[in-house]
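Peer 1: For the sequence shown, our numbering gives the first residue as 1, with consecutive numbering after it.
Result set (DMTMM-like, lysine to aspartate or glutamate): computed pairs, CA atoms no more than 25 Å apart in a straight line:
{"no.": "1", "residue 1": "Lys128", "residue 2": "Glu228"}
{"no.": "2", "residue 1": "Lys31", "residue 2": "Asp217"}
{"no.": "3", "residue 1": "Lys92", "residue 2": "Asp29"}
{"no.": "4", "residue 1": "Lys153", "residue 2": "Asp168"}
{"no.": "5", "residue 1": "Lys122", "residue 2": "Glu176"}
{"no.": "6", "residue 1": "Lys122", "residue 2": "Glu226"}
If you anchor each label on the Cβ, the simulated ranges turn out as follows:
{"no.": "7", "residue 1": "Cys248", "residue 2": "Pro181", "range": "17 to 25 Å"}
{"no.": "8", "residue 1": "Gln64", "residue 2": "Lys92", "range": "21 to 29 Å"}
{"no.": "9", "residue 1": "Ser99", "residue 2": "Gln23", "range": "24 to 32 Å"}
{"no.": "10", "residue 1": "Glu234", "residue 2": "Leu53", "range": "46 to 54 Å"}
{"no.": "11", "residue 1": "Glu245", "residue 2": "Glu73", "range": "43 to 51 Å"}
{"no.": "12", "residue 1": "Leu53", "residue 2": "Pro181", "range": "43 to 51 Å"}
{"no.": "13", "residue 1": "Gly155", "residue 2": "Ser243", "range": "23 to 31 Å"}
{"no.": "14", "residue 1": "Thr262", "residue 2": "Ile59", "range": "22 to 30 Å"}
{"no.": "15", "residue 1": "Glu228", "residue 2": "Ile59", "range": "35 to 43 Å"}
{"no.": "16", "residue 1": "Ala112", "residue 2": "Pro167", "range": "42 to 50 Å"}
{"no.": "17", "residue 1": "Asp27", "residue 2": "Pro71", "range": "25 to 33 Å"}
These are computed hints drawn from the structure, not numbers from a lab. Ideal Cβ positions, reconstructed from N, Cα and C, are used throughout, including at glycine.
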Amino acid sequence: MSTSPQERMTAQLFFNAAFPTMQVLLDDDLKLHRKFQSVRATVQFGAKDGGELLCCHLIFDGPQVTVVQGPAEKPDLTLTFSSVEKMNALLKGGMSLPSIRGRLGLLPPVLALLLGLKIMTKPNDRLKTPAERALKVKCSLYMITRALSQYNKLGDPEMQEFCRRQPDRIYQFRVEQDGDPAYIACYLRIKAGQSKSGHGVYTRRTPFVLFRFLSVDGALKVLGKECEFVEGVEKGYVETVGSPEYACYLNDYMAILQDMLT
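Given these sequences and hints, build the entire structure.
Peer 2: Here is the structure:
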């Protein structure tokens, strides 16, 4: 039985947008950083899709990870689900088990890293420290800006049309904290149908739309769906500078992607 286009798109978004945020976890989470200090390995993660294999592989060089789309030539560990639906269910927090082959000693740190991604869906009231709260915001924003770009590249017709009609525009996201105006920052660039996400503040062009979160806690309330975006603006958690029309368009796509990935 073949996978539905929606499930396949969701899986590709996990591989292309969520998995790259593993580097943020390895950089900012000291426990995970230590677990991977001596890891030198390639881990393949995927699912059967009819007679094909939909997968990516993770190349670990200590606490540095590179995500590569497609199968690995000689993976040290493989995790393969019997269907894309089951794989997506696990990545969204459900229960599903893959078949596992290879160096089983790699399994504990790899599972810890996969579980680390769940910080993006962890309820705000269960975040125990300021560092954990900031990590959720950082991972969530990095993931969603990358997902927006990938949604275009993977061929969603409406997102492609949205990108096609824009000349060269920057959608900047910034989170302020303790006097730092760019405590967490990332952006989406759209140019004549092409899209690219990046970390930090884009300095070569004034943002067409700036999403300015006034604090980490304010960003958590909006990104954690404690309030709708419009309510977050009204309560002073976030403000938009630039085109209100296109800010709303982009927010709508962000909501679609959050629903797909959580």
